[in-house]
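Given the sequences, and given the hints that come with them, work out the whole structure.
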Amino acid sequence: MKRVIMFMYMLVGFSTAWAQTKASDKEWAAVVDAAKKEGKVVVAGSPDPVMRNDVIPKFTARFGIPVEFVAGRSSQIVSRVQTERGSGIYSIDIYLAGPDTSANELYNDKLIDPLKPLIVMPEVADGSKWKTGKVWFADPQEQFIARAFSGVATWLFINTDHVKPEEVRHVKDLLNPKWRGKISTEDPTTTGAGANMAARLYYQVGEEYVKNLYVDQKTVRTRERRQMTDWLARGTQPICLNCREDDVRPLVKKEGFKILEIFEISGVPSTINGSPWMLSLANKAPHPKAAQVFANWILSKEGLETYARGYGSATLRTDIDESFLNPGNVPKKGVKYFDDTEWKWIVTGRHENRDKVWQLLKAR
Amino acid sequence: MKSPSATLSLPRFRLHLRPIRMAEVGFLVFLAVVMGLPLLFLLSGSFNLAAPGKPAVYGFGNWQRAFTDPGTLSALWMSFLLSVVRLIPAMILSVMFAWLIARTDMPGGRFIESACWIAYFVPDFPLVLAWILLLDPNFGFLNSLAKSLPFVEGPIFNPYGFWGIVWVHTSTGGIWFKVMLLVPVFRRLGATLEEAARVAGANTTAMLWRITLPVLSPMILAVAVLSFIRGLQSFNTELLLGTPVGIYVYSTKIYDYLQREPRAYGEATALGSVFLFVLAILLFFYWRYLSGNKKFTVVTGQGYSTLQVKLGRWRYAALAGCLLYVAVMMLLPLAFLVIGSFMRRYGFFNIASPFTLNHWYNLLADPIFLVALKNSLIIASVTAIGGILLYSALAYLLVSRRTITAPVLESLCWVPHVLPGILLSLGVLWLFLATPLRFFLYGTVWGIAFALILADSPVTTQLFKAGLLQLGADLEESARVSGASWAYAYRRILLPLLAPIAAAVGLMNFGSALTSISTPVLLYSHQSRPLAILLLEYSFTGELERAAALGLLITLIIGSMMLIARKLGLQLSRSD
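Note that the protein sequences, when read in sequence, are chains H and A.
No gaps in the numbering here: position 198 of the first sequence is 198 in the working numbering, and each next residue is one more.
No gaps in the numbering here: position 39 of the second sequence is 403 in the working numbering, and each next residue is one more.
None of these hints come from the bench; they were simulated from the model.
Treat each hint with caution, since some may be false.
These stretches of chain H come out as covered by chain A in the derived footprint (C-beta under 8 Å, 3 or more residues) [claimed, not checked]: (1) 61 to 70; (2) 84 to 92; (3) 228 to 237.
In silico contact screen, one side only, chain A against chain H (beta carbon under 10 Å); selected entries [as the list claims (entries may be wrong)]: (4) Y710; (5) L797; (6) S846; (7) V885.
Note that the structure is a prediction, hence the values are computed from the model and not measured.
Think of the CB as a built atom: it goes at the ideal place given N, C-alpha and C, for glycine as much as any other residue.
Spelled out as structure tokens, the structure:
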């Protein structure tokens with residue numbers, strides 16, 4: 001009798017799951033049909049070769065829906081959107097923006113709609129496909145801003161022809177007079193990665209350290225990321241604080257430069273972040289169904305893997321093979337990381353500490 | 365020697381009062397809407413303290429914040445210093461170049477002029493990088509060469525710093541722009557005065573100093589004003605060569621506010637207003653100079669000739685000097701840029717098999733490229749033709765001296781020159797969205813062309829104005845006395861005389877439209893994306909080699925157009 005009851009339970013459970021899958025498949029198919037009728041989807045984001053060369057062609061091939069990609073700096077895109085909206089024009093469907101823009105502008109200025117209820121693609125809605133047990137929404141209501149990536153951020157890059165890895169094991173090793181004028185950073189006196197890192201160091205290590213590193217060590221500043229990467233490769237400034245992984249990796253893989261990416265350093269917790277983008281859905285989107293299809297697809301295995309492989313960043317999906325990544329980039333279980341994309345830090349902490357850095361560096 | 369002004373008179377073009385009033389009112393309304401409104405939007409926006417999208421709250425907070433920023437005054441001083449230091453030698457050199465090209469028998473003048481045009485339109489970002497490759501104290505090519513000399517220890521060149529910035533500016537835009545503007549007006553100068561001076565016993569230097577320069581002073585001054593403000597707004601070179609050694613300029617401050625999140629356009633506009641202030645001062649003195657007793661007409665109906673000054677044996681020395689300058693300041697970095705577009709990594713000669721065709725292949729295979737090319741050609745053509753038609757008419761109106769609102773019209777024309785490009789773009793965006801223009805201009809190639817025509821107004825109007833100031837009214841009067849209609853006289857007399865200037869203006873606007881980034885950046889859509897935005901995208905994503913290839917391609921297009929425009933301009937000027 002027990003066996004029969006168990007069998008019946010299993011049967012009911014299986015049928016319900018099967019019926020749900022069928023229902024969500026049907027719902028998804030209906031959304032895709034409606035999206036095709038809308039004709040296109042407009043996505044705003046950073047100018048990005050991965051987006052242009054890989055993601056958009058794949059999406060269009062899959063669904064037959066053309067993507068109009070409005071590429072530009074976040075500040076410019078948001079200005080444009082705000083001005084358009086003042087005149088009743090709504091041109092953007094999807095934002096792929098950095099955490100700062102997503103939280104402090106798109107969310108704060110109420111330019112986006114809840115995305116969570118629109119997650120219907122079965123493999124995206126399925127919690128087992130996510131390391132966090134579900135799609136991670138970073139905003140306080142857990143509705144608006146989806147975070148698809150979480151990788152360990154590079155702490156610094158060194159050119160091992162000039163710097164031995166053991167010479168920079170502790171955060172204070174960077175204050176060694178030997179490295180005076182040999183460290184490059186993105187200019188910490190303006191918004192961007194350089195200021196974000198300085199703010200984090202101010203918060204984690206303290207004011208004195210920031211002063212020692214950025215002033216006394218004569219850290220060389222630039223606002224041009226290519227310049228930093230070239231300095232690193234040539235050894236002019238063989239330690240780079242803010243070089244970008246996607247700039248440096250080709251130098252190592254294709255050109256054979258001896259550059260080491262360092263993810264962990266003693267004296268400060270390692271950092272994870274949601275780079276390269278967070279996903280949100282524009283409110284009053286002109287192509288709502290196409291936007292829904294794009295949002296679901298970019299969070300799917302195919303969409304996210306395409307991006308992750310092109311960009312080289314760790315996703316939050318469980319079904320993406322991560323062997324293409326630098327092992328250091330993948331968060332380790334049991335390690336406590338500082339989350340640079342954590343909501344409170346983005347909205348208040350980073351700004352407060354950045355202002356203190358600017359005062360210290362006499363930038364403001 | 366008698367002053368040239370004694371024999372010449374200011375032009376008085378004979379338009380009937382009613383048509384001129386109608387044209388005046390028409391231009392006034394048009395310029396007030398398209399130039400004044402965006403400025404008004406920006407200025408009123410700078411007093412709005414509310415967050416974007418929130419109800420407006422007005423106050424002085426943005427202005428106070430912008431001007432109490434500890435770095436603002438030092439950055440302004442640095443910009444001023446850099447602008448002045450590079451303006452003086454560049455003006456002297458460009459006047460010399462223009463005179464040698466247009467007024468003397470120096471051989472190869474056409475080649476030198478073409479080189480100036482091409483040099484001006486080479487994108488400056490990769491060119492600055494080329495200078496870094498040449499002058500960097502650690503790996504610079506010229507420093508490496510110098511080190512091999514017995515008496516040299518350590519690097520002798522360093523691009524990072526004040527003088528490095530001045531040097532590189534002299535290469536990237538220093539004299540090319542000025543020569544482009546000055547050559548057509550130097551060419552228009554009738555030789556009668558110079559011949560008279562010669563007869564009176566003046567040597568070449570005295571003739572240049574006492575005749576040529578005073579007569580051409582309106583244009584020289586206009587170019588100086590344009591260049592000075594342009595210098596204050598300069599940004600890219602300072603970013604690459606100044607930031608590493610802690611040199612910040614005023615435009616960097618404006619840029620910082622524009623890049624902030626949330627955006628700080630109020631503070632940026634407040635800082636940008638300094639340009640308006642500087643312009644107002646410069647224009648005041650410029651108008652006072654023009655409205656004095658000086659007269660600048662050099663092309664009259666009586667015995668107009670353009671005989672060239674004979675330099676004798678010095679002509680080859682002059683050519684050698686010009687060629688040396690062009691070779692060092694243009695060809696040397698340009699060669700690095702060309703090579704860079706074929707390198708796997710720009711400037712890295714020591715990697716295995718450093719050369720490749722991939723960047724060119726990837727550029728031409730990029731599906732966006734062809735669409736962007738088509739868009740750019742449409743935008744540039746419309747901008748060039750539209751600018752010629754609009755601003756030649758406006759300049760004619762201003763020079764006729766029968767308008768009562770000339771200072772207002774002229775001030776409005778200067779507005780785009782004092783607004784940082786991105787703010788102009790924002791102003792035009794507001795204009796489009798607040799008016800019915802949005803229905804047919806917003807997001808289209810026509811809208812971008814419209815904005816670029818506005819952006820071109822200061823240079824274009826000044827060039828036409830200077831050209832018209834040189835023409836005597838008797839030319840037109842003779843035609844009218846002979847029974848020709850105004851339109852016929854305009855077509856048969858003025859237009860052929862203005863053709864070289866129109867060709868220069870058209871080409872300059874064509875080139876600017878192809879290379880301008882900041883003006884279309886808020887106005888383009890997916891369908892209307894021009895090449896310059898594609899170039900920005902490549903640079904933004906670190907694809908410098910592909911950006912270099914695209915930059916060279918744009919320069920090639922401009923070079924081809926230059927040949928066509930020059931031919932057209934010369935044919936028109938000879939047709940009479």
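A quick look at each hint next to the structure:
no. : hint       : verdict
1   : 61 to 70   : holds (count 3)
2   : 84 to 92   : holds (count 6)
3   : 228 to 237 : holds (count 5)
4   : Y710       : holds (8 Å)
5   : L797       : holds (4 Å)
6   : S846       : violated (54 Å)
7   : V885       : holds (6 Å)
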